[in-house]
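Protein chains: 2
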Amino acid sequence: MKDRVFAAADVGGTKILLLLAGPQRDLILRRRLFTPPKATPDQVVEVIAGALTGFLEEAGLSPQSLAGLGVCIAALLDFESGVIYESPNLDWHEPVPFRELLAERFSCPVFLENDCNAAILGEASYGAARGHRDAAYITISTGIGAGLYLDGRVYRGSGGFAGEIGHLKRFGKGRRCGCGGYDCLEAWASGKGIARSAGMLWGEGDPGAGTLDTAAVFDRAEAGDPLAGSIIEQAVEDIGISLANLATLLNLSCMVIGGGVARHRPGLVGQIEEKVNYFAVPPAVRVTRVKVVAAALEPEAGAWGMYAAMRR
Amino acid sequence: MKDRVFAAADVGGTKILLLLAGPQRDLILRRRLFTPPKATPDQVVEVIAGALTGFLEEAGLSPQSLAGLGVCIAALLDFESGVIYESPNLDWHEPVPFRELLAERFSCPVFLENDCNAAILGEASYGAARGHRDAAYITISTGIGAGLYLDGRVYRGSGGFAGEIGHLKRFGKGRRCGCGGYDCLEAWASGKGIARSAGMLWGEGDPGAGTLDTAAVFDRAEAGDPLAGSIIEQAVEDIGISLANLATLLNLSCMVIGGGVARHRPGLVGQIEEKVNYFAVPPAVRVTRVKVVAAALEPEAGAWGMYAAMRR
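Protein chains in written order, with numbering that gives the first Met the number 0: chain E, 0 to 311; chain W, 0 to 311.
Since the hints were derived computationally from the structure, they do not count as laboratory data. A quick note: this is a predicted structure, and the numbers were derived from the prediction, not measured. A couple of the hints might just be wrong.
Unchecked claim - Once the Cα atoms are required to be at most 20 angstroms apart in a straight line, the calculated SDA-like pairs of lysine to any residue come out as: (1) W:K290 - W:A214; (2) W:K290 - W:R174; (3) E:K274 - E:P298; (4) E:K290 - E:G151; (5) W:K274 - E:Y181; (6) E:K274 - W:R174; (7) W:K290 - W:R262; (8) E:K172 - W:Y277; (9) E:K172 - W:R264; (10) W:K14 - W:T34; (11) E:K172 - W:R262; (12) E:K274 - W:Y181; (13) W:K14 - W:F33; (14) W:K172 - E:E232; (15) E:K274 - W:G173; (16) W:K172 - E:Y277; (17) W:K274 - W:R264; (18) E:K172 - E:L200.
As the list claims (entries may be wrong) - Derived contacts from chain W toward chain E, CB cut-off under 8 angstroms, selection only: (19) S157; (20) F160; (21) L245; (22) K274; (23) F278.
Claimed, not checked - Covered stretches of chain E (in silico footprint by chain W; criterion: 3 or more residues with CB under 8 angstroms from a CB of chain W, positions within the stretch not fixed): (24) 61-73; (25) 158-170; (26) 173-180; (27) 249-262.
We treat Cβ as the ideally placed atom computed from N, Cα and C, and that holds for glycine.
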């Protein structure tokens, strides 16, 4: 009889991944729930609480057997206070005491973490960054973000907002980013940025076009189209320079690449690794060459990271 | 009777600063020694050991009263092993077990640290970054480097080489850096980089010209020369973007600016702060505005950092 189980959830804009596992990382249950369209924080809490209650029952477990709940979400949030400041994916723009809302529904300890922070903790604990003390997880998706693992623990920064690698500057010339600034990495090299570049060149798709257009640019580049090729090449170089700067600054030994764009273009990781080791400061590379690898646990890295957070 | 004293030394290319202090940070003695020209590691150890023995005697203290020796040096070194890999200022390019050489001469614990790491520890313990948990010390001098203080402790990275902010890329176009790469921050915005730019524009000084030429460029800029002004303006912007990226990535709450160039141009710090808060990602700035301040302990920040390291 399993008397202690842990629940971990990764809340995305369209889906919620929910895992239930025992003390030995023994998976009891894995489910995908739908995030209600335009969901409010209360509705997301309701979905998680409702599903979890049902799943515990289904697994023959009492509500008291739940020893911890860890939730990660793509958001600017404060780990200490459990307040979410902003979640563009969920269209939340006001501070929400999200962990408190969850805690009202559960008697076990509740953890709330940024999704990239959770992903690097997952990859460092059980995945591609295992054995590394200083590593980063970088998501290349609609946007670009990172989670940092420094000196063997998640690094969050003074306000909890560390890892905003998508807003490193300065790339290209004169493109406004969603953050309000200009020429951030994300404005040019993310899935959205690549689609924007393509839209400007070919007049198809709009500046806000998503991954479909990005895939088309990759397809054209692979088919030999020189314009598409130059867009991709520039994006890879911009990402490579950014990650090289991350390596130069933090002397990391491992970088884990995740996210939709990276997942659908496996060749990308090797191209990025080449750029990173070309642009990173030589001594750091010479002594500890930076390993750039694909995420091993995706799309569950975040959820397993929350599991790891509860088990530490 | 002082029965326990601590010695801290900051080894530079031309001078060695040596402090002797009691357990309450009570300064007993402060001396400046000359680094012998083209000094070998053994010679530097000899200078420190010889001077320290004399100073203890002078202060009426027995050799046994020395409770710790902390030495910092501008070098790529490994804190754990105490090996110096490279020190351009001292023209050392082979690995040297420097801490071991020191330890052979003293029976007390010996610490060896990179100078920028020591400086941020000093500033965070007793100086301009006091009260901050996440901060950086940036030296703007002949070169540009940084020491990182994250989550309340010095962050060194996987090989001990974190903080190489002078080699962030990519600035300007096509200038080779001393590290072997191209278009590093340091190649354009350091004292040496500014002098190089001036040398190329006016044909005076050589590409390797030092701080004298840098001072002349600042003087001309302040006198209204537009070319000199544009060189300085570009250097300030490049430094501002680099530090903004540091803030965006690490969500620091404080940056301490030190080094010769910064020390001789007090207006620089305010100009840099403006750029940092302009280029850093807005959410991080909105919630925790980055404080950019002049170093408070210079030129003793490193030595006091070593003192702090021994007292922790």
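Each hint tested on the structure:
Between W:K290 and W:A214 the alpha-carbon distance is near 26 angstroms, which puts this suggested pair outside the 20 angstroms criterion. For the hint linking W:K290 to W:R174, the alpha-carbon distance of about 31 angstroms lies beyond 20 angstroms, and the restraint is violated. Of the supplied pair hints, the one linking E:K274 and E:P298 is violated, its CA atoms being roughly 25 angstroms apart against a limit of 20 angstroms. Taking the CA atoms of E:K290 and E:G151, the gap is about 17 angstroms. The hint holds against a cut of 20 angstroms.
A threshold of 20 angstroms between alpha carbons decides the hint, and for W:K274 with E:Y181 the separation of about 13 angstroms falls inside it, so the pair holds. Of the supplied pair hints, the one linking E:K274 and W:R174 holds, its CA atoms being roughly 18 angstroms apart against a limit of 20 angstroms. Straight-line distance between C-alpha atoms of W:K290 and W:R262 comes to about 18 angstroms, which keeps the hinted pair within the 20 angstroms bound. With a C-alpha separation of about 17 angstroms, the suggested pairing of E:K172 with W:Y277 holds against the 20 angstroms cut-off.
Note on E:K172 and W:R264: the hinted pairing is violated, with a Cα-Cα distance of about 31 angstroms set against a maximum of 20 angstroms. A distance of roughly 5 angstroms separates the Cα atoms of W:K14 and W:T34; the hinted pair therefore holds under the 20 angstroms criterion. About 33 angstroms separates the Cα atoms of E:K172 and W:R262, which puts this hinted pair outside 20 angstroms; it is violated. Between E:K274 and W:Y181 the alpha-carbon distance is near 13 angstroms, which keeps this suggested pair within the 20 angstroms criterion.
Between the alpha carbons of W:K14 and W:F33 the distance comes to roughly 5 angstroms, so the proposed pair stays at or under 20 angstroms and holds. Note on W:K172 and E:E232: the hinted pairing holds, with a Cα-Cα distance of about 19 angstroms set against a maximum of 20 angstroms. Under the criterion of a C-alpha separation no larger than 20 angstroms, the hint pairing E:K274 with W:G173 is consistent with the structure, at around 17 angstroms. At roughly 17 angstroms between alpha-carbon atoms, W:K172 and E:Y277 fall within 20 angstroms of each other, so this suggested pair holds.
A distance of roughly 16 angstroms separates the Cα atoms of W:K274 and W:R264; the hinted pair therefore holds under the 20 angstroms criterion. Taking the CA atoms of E:K172 and E:L200, the gap is near 15 angstroms; set against the 20 angstroms cutoff, the hint holds. With a cut of 8 angstroms, the hint placing W:S157 at the interface with chain E holds, because the nearest CB-to-CB distance is about 4 angstroms. Interface restraint check for W:F160: the shortest CB-CB distance to chain E comes to about 5 angstroms, inside 8 angstroms, so the restraint holds.
The beta carbon of W:L245 comes within 7 angstroms of a beta carbon in chain E, closer than 8 angstroms, and the hint placing it at the interface holds. A least Cβ separation of about 11 angstroms between W:K274 and chain E goes past the 8 angstroms threshold, and the interface hint is therefore violated. Here the hint on W:F278 is kept, as its CB sits about 5 angstroms from the closest CB of chain E, short of 8 angstroms. For a cut-off of 8 angstroms, the count of residues in the region 61-73 of chain E with a CB near a CB of chain W stands at 0, and the three-residue condition is violated.
With 11 residues bearing a CB less than 8 angstroms from a CB of chain W, the region 158-170 of chain E meets the requirement of three and the coverage assertion stands. Counting residues of the region 173-180 of chain E whose beta carbon lies closer than 8 angstroms to any beta carbon of chain W gives 3, which reaches the threshold of three, so the coverage claim holds. With a threshold of 8 angstroms between beta carbons, the proposed coverage of the region 249-262 of chain E by chain W holds, since 4 of its residues qualify and at least three are required.
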